[in-house]
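**Q** Residue strings, one per chain:
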Amino acid sequence: MRLSAFFRPVALGLLLAGSALLPGCVSVAAYQKAYLNDEDMKLATKKVETSEVNFESYREGAGGANGGKVGGGCGCN
Amino acid sequence: MRFLLAAGLVLALPVAALAQGTPNPNRLDGSGVPAATPVAHPAPVSVGETDLDFISSYYQQNGDHGAVEGGIGTQHLTDVAPTIVLNVPLDSVARLTANVGFDYYASASTDRIDQVISSPSASDVRYHIDLGYARTLKDKRTILSIGGGASKEYDYQSFNLAGSWTHGSRDGNRELSIGGQVYLDRVTLILPVELRTAATGSGNQAHGSGFDNRQSYNLNIVYSQVLTKRLQMAVSTELVSQRGLLSTPFHRVYFYDSDRALGTPGTLGTAKTELLPRLRNKFPVGLRLNYYATDLVQIRGFYRFYNDNFGIRAHTFELEAPVKVSPFFTLYPFYRYHTQTASTYFAPWREHSIYDEYYTSDYDLSAFTAQKLGLGFRYAPLYGLGRFKTPFGGRVAKFKSIDLRYGHYWQTTGLTANIVSVDFGFVMP
Chain A
1 MRLSAFFRPV ALGLLLAGSA LLPGCVSVAA YQKAYLNDED MKLATKKVET
51 SEVNFESYRE GAGGANGGKV GGGCGCN
Chain B
1 MRFLLAAGLV LALPVAALAQ GTPNPNRLDG SGVPAATPVA HPAPVSVGET
51 DLDFISSYYQ QNGDHGAVEG GIGTQHLTDV APTIVLNVPL DSVARLTANV
101 GFDYYASAST DRIDQVISSP SASDVRYHID LGYARTLKDK RTILSIGGGA
151 SKEYDYQSFN LAGSWTHGSR DGNRELSIGG QVYLDRVTLI LPVELRTAAT
201 GSGNQAHGSG FDNRQSYNLN IVYSQVLTKR LQMAVSTELV SQRGLLSTPF
251 HRVYFYDSDR ALGTPGTLGT AKTELLPRLR NKFPVGLRLN YYATDLVQIR
301 GFYRFYNDNF GIRAHTFELE APVKVSPFFT LYPFYRYHTQ TASTYFAPWR
351 EHSIYDEYYT SDYDLSAFTA QKLGLGFRYA PLYGLGRFKT PFGGRVAKFK
401 SIDLRYGHYW QTTGLTANIV SVDFGFVMP
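Taken in order, these protein sequences are the chains called A and B. Okay, so the first sequence: first residue is 1 according to the working numbering, each after it adds one. Okay, so the second sequence: first residue is 1 according to the working numbering, each after it adds one.
Just so you know, the hints here were simulated from the structure itself, not pulled from any lab data. All figures in this text were calculated on a predicted structure; none of them were measured in a lab. We put the beta carbon where it would ideally sit given N, CA and C, even for glycine. Treat the hints loosely; a few may be bogus.
Unchecked claim - Between beta-carbon pairs, the in silico distance windows are:
# : chain 1 : residue 1 : chain 2 : residue 2 : range
1 : B       : 344       : A       : 32        : 47 to 57 Å
2 : B       : 301       : A       : 30        : 21 to 31 Å
3 : A       : 32        : B       : 211       : 53 to 63 Å
4 : B       : 104       : A       : 53        : 17 to 27 Å
5 : B       : 348       : A       : 32        : 49 to 59 Å
Whole structure, please, built from the sequences with the hints as guidance.
**A** Structure representation (structure tokens):
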């Protein structure tokens with residue numbers, strides 16, 4: 001309960017920070033995307049992470065929103 | 001173990017100072033089903049080149065809150081999961097993807113279903129296959145994809161259908177993706193040996209006690225946005241609604257006030273099988289933020305808030321800092337923090353009342369904090385690690401990259417786990 005009380009303002013802060021960032025974003029041309037096209041800048045989990053994301057979804061009652069497994073059997077009791 | 005990892009991370013940083021990093025070429029995202037998380041500016045597909053990934057992982061966990069024995073048994077488990085991910089461009093606008101593999105797992109916990117150690121329930125294999133087809137429309141900014149798949153293990157069969165729509169902005173700085181998946185699962189009911197009756201079949205070999213179904217409906221929405229030349233983000237949600245059998249029939253629950261006529265509460269024969277509601281709705285929301293801090297170091301951040309109607313509320317933070325030791329060698333330490341509240345239906349061994357409507361002693365649904373610390377490296381030289389002729393057709397394939405990572409995971413419940421994963425990437429003309 002105390003943790004929940006702690007994280008509520010954190011979540012709110014993240015949302016506010018996100019809202020503050022959005023209007024500040026600039027239009028980036030294709031030739032300016034060398035950094036953004038870097039392998040490590042991909043906005044997704046890596047293929048090698050798949051098993052980790054799956055076992056976390058089994059071992060934790062919470063999961064999703066990160067491309068992990070949400071259905072289709074167990075495989076890891 | 002944690003100390004060694006932390007020491008490894010600290011030692012890795014000075015080495016990284018020698019780096020002269022340049023961006024690596026992009027890799028195609030080739031999961032079997034349409035990608036749930038899109039990329040705002042995908043790298044151009046090399047028509048005629050097929051991407052092939054051999055991915056494998058070894059997972060081992062230990063703990064003493066196994067749900068099969070009502071929250072007090074061993075949780076020792078090992079899982080080996082090799083997978084092949086194939087991405088085949090058919091032409092300049094269409095591609096096929098396939099994801100095929102299996103999980104071989106050995107579980108000391110499930111071995112206690114029938115109280116006969118080293119029985120067939122000690123291990124199982126789960127086979128799975130997913131196929132997908134994606135097509136870029138004439139506007140070159142919209143991608144439609146469909147897919148389907150199946151998985152099979154001893155007591156569980158699953159079929160799924162998937163589809164997604166992805167649309168990018170004209171300047172490539174924003175992208176919206178909406179996808180859906182339906183899973184249709186069939187579960188063989190396996191009861192703990194002492195709960196089997198003449199009607200369900202009794203004895204160690206009478207595992208099947210009928211069947212039940214589970215359906216899962218998923219809706220994924222991902223919005224990605226380029227914020228600056230070095231910063232981009234994605235907001236995602238994955239709404240899940242599950243119906244049908246959501247409890248595991250061979251999970252025991254012991255009650256503090258069970259009928260004494262059956263025996264002393266807590267002893268074998270006084271348990272009931274886990275019972276959970278037949279509807280579960282999950283509401284996770286995630287924020288991913290990637291920052292190209294310098295040519296040496298990038299920062300990958302992820303936060304997720306999770307809520308469901310089982311009463312679980314969770315927060316997850318992930319941080320990864322890839323360090324480019326050389327233009328082709330990247331070292332990436334990572335850390336993950338997860339905290340969750342307990343499900344309304346959870347109570348430890350002998351803390352449920354026999355009068356509770358729903359009950360489980362599965363510690364996956366308990367309140368805990370979990371952390372994960374690890375280190376990975378990726379080596380992807382410009383001209384690959386090697387070339388060889390393929391067995392069929394005699395074409396020359398390139399061994400493109402290797403990605404290896406190790407993670408150590410621990411929970412406040414006492415559960416600890418280690419996982420090693422590797423991805424060997426190949427390209428074929």
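**Q** Are the hints correct? Go through all of them and say.
**A** So, going through the hints one by one against the coordinates:
A hinted range of 47 to 57 Å holds for the C-beta pair residue 344(B) and residue 32(A), which are about 51 Å apart. In this structure the hint that residue 301(B) and residue 30(A) lie 21 to 31 Å apart at CB holds, the actual value being about 25 Å. A C-beta distance of roughly 57 Å is found between residue 32(A) and residue 211(B), which places it inside the suggested range of 53 to 63 Å. The hint said 17 to 27 Å for the Cβ distance between residue 104(B) and residue 53(A), and at roughly 19 Å that hint holds.
Evaluation of the 49 to 59 Å hint for residue 348(B) and residue 32(A) yields a pass: the beta carbon distance comes to about 56 Å.
When the structure is compared with the earlier hints, no violation turns up for any of them.
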